[in-house]
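Residue strings, one per chain:
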Amino acid sequence: EAGVVQSPRYKIIEKKQPVAFWCNPISGHNTLYWYRQNLGQGPELLIRYENEEAVDDSQLPKDRFSAERLKGVDSTLKIQPAELGDSAVYLCASSDSLWGSGTGELFFGEGSRLTVL
Amino acid sequence: SQQGEEDPQALSIQEGENATMNCSYKTSINNLQWYRQNSGRGLVHLILIRSNEREKHSGRLRVTLDTSKKSSSLLITASRAADTASYFCATGSNSGYALNFGKGTSLLVTP
Chain A
1 EAGVVQSPRY KIIEKKQPVA FWCNPISGHN TLYWYRQNLG QGPELLIRYE NEEAVDDSQL
61 PKDRFSAERL KGVDSTLKIQ PAELGDSAVY LCASSDSLWG SGTGELFFGE GSRLTVL
Chain B
1 SQQGEEDPQA LSIQEGENAT MNCSYKTSIN NLQWYRQNSG RGLVHLILIR SNEREKHSGR
61 LRVTLDTSKK SSSLLITASR AADTASYFCA TGSNSGYALN FGKGTSLLVT P
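If you read the protein sequences in the order shown, they are chains A and B.
Heads up: the first sequence at position 36 corresponds to 36 in this note's numbering, and the numbers run straight through without jumps.
Heads up: the second sequence at position 30 corresponds to 30 in this note's numbering, and the numbers run straight through without jumps.
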């Protein structure tokens, strides 16, 4: 079974440019997460989806970040315009629903490393 | 925001020794998970312990949870060089899993 797929793996852009990251979760997983991980830190939750509904986006900087999960499957995270401080690894994860019979295990993609110059 | 705090930040041991990492958190939780991350890779789930459990085992891993102290520990027995990685705890609530990660413990196991 394919794992969580993210693209691109690496992206280098200049500040003020837009950037988008794509995530395809594990088939059947209702819950999708986007995290940001700064160097030497743990992941920080940006947004969490249950199917196509964003149920937790309190940590998403909404002035420049946006996300969507149309049809409740794959998802896109966008930054526009990017700032120097946005340099980080953006991780996508998926899991069974909290209220399902799943184990609660999150499956992570390899991440998208963003460098803003 | 990061709720969990792992201790120590870095740990260096030799193969065959045991490694113990601790995690403290601030608010009430429903569950707590431990994840491993190899350099440049995504995170891999190790174990989940629920708030009504005190100890859990999985292979060479032993996790304890003390909700009165708001702390958890991860013990890796008979460590191997392949255990070299960063280890993170993640707390969850009734709203969801892995909502808050700690800063992690970097483990180095030398042959």
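Please note that the accuracy of each hint is not assured.
As the list claims (entries may be wrong) - So the derived label-pair ranges between C-beta atoms look like this:
#1 A/Gly28 - B/Gly16: 23 to 29 angstroms
#2 B/Pro8 - A/Arg64: 32 to 38 angstroms
#3 B/Pro8 - A/Arg9: 29 to 35 angstroms
#4 A/Gly28 - B/Thr64: 42 to 48 angstroms
To be clear, the hints were calculated from the coordinates, so they are not data collected in a lab.
Just so you know, even glycine gets a beta-carbon here, dropped at the ideal spot from N, CA and C.
Results for each hint:
1. A/Gly28 - B/Gly16: 23 to 29 angstroms: The hinted range 23 to 29 angstroms is violated for A/Gly28 and B/Gly16, with Cβ atoms some 41 angstroms apart.
2. B/Pro8 - A/Arg64: 32 to 38 angstroms: Once the Cβ atoms are compared, 36 angstroms apart, the range 32 to 38 angstroms for A/Arg64 and B/Pro8 holds.
3. B/Pro8 - A/Arg9: 29 to 35 angstroms: About 31 angstroms separates the Cβ atoms of B/Pro8 and A/Arg9, which means 29 to 35 angstroms holds.
4. A/Gly28 - B/Thr64: 42 to 48 angstroms: 32 angstroms, violated
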